[in-house]
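**Student:** Generate the whole structure from the sequences, applying the supplied hints.
Numbering (the working numbering), first residue to last: 904 to 1040.
Among the hints, a few may not be true.
Below are the SDA-like pairs computed for lysine to any residue, each with C-alpha atoms no more than 20 Å apart in a straight line [what the hints assert, rightly or not]:
| hint | residue 1 | residue 2 |
| --- | --- | --- |
| 1 | K1031 | R1009 |
| 2 | K1031 | R970 |
| 3 | K1031 | P1013 |
| 4 | K1031 | A998 |
| 5 | K1031 | L995 |
| 6 | K1031 | E1006 |
| 7 | K1031 | R1017 |
| 8 | K1031 | E1012 |
| 9 | K1031 | P986 |
| 10 | K1031 | T999 |
| 11 | K1031 | R1002 |
| 12 | K1031 | S1011 |
| 13 | K1031 | L1019 |
What the hints contain is simulated information worked out from the structure, not anything from laboratory work.
A quick note: this is a predicted structure, and the numbers were derived from the prediction, not measured.
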Amino acid sequence: GLLNAGLFALLLRDTDPVVRATLARRADLPEELLERLSGDRHPAVRAAAAESPRLSDAALTRLAFDREETVRLTVARNRHAPPTALDILASLDDATLRRLVAEHPRASEPVLARLLDGSGDRAERIAKERLAGRPAR
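**Tutor:** If you want it as structure tokens, here you go:
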């Protein structure tokens, strides 16, 4: 059911990161509380917030710099991640992140071009095909 603002505030301060992560996944969580959870000290909570299609472009871009790989991967899998976040992820030396960015529907031409590094990896092949106008596979 629906929770009132007081209950959301109480759960936001819960010491259990599982409770805070579950809260971050709620579609009815007010956006300002979702933004706060995106800066949580626990990576599972930040990753849960990064799943949300309602998280701001600024927060998703900030999370692309996260020290935890799981958080960065979650940003890359979020279909609403902005090109600014994808550009950060494309610059990292991580084959999975690079592939997710290459396949991402919001990857702009400059982001795809960043993946053309001569590595010949799958991400580069997908980026070349997308830049040439063929659909990603």
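**Student:** Taking the earlier hints as the rules, which of them does this structure contradict?
**Tutor:** 2
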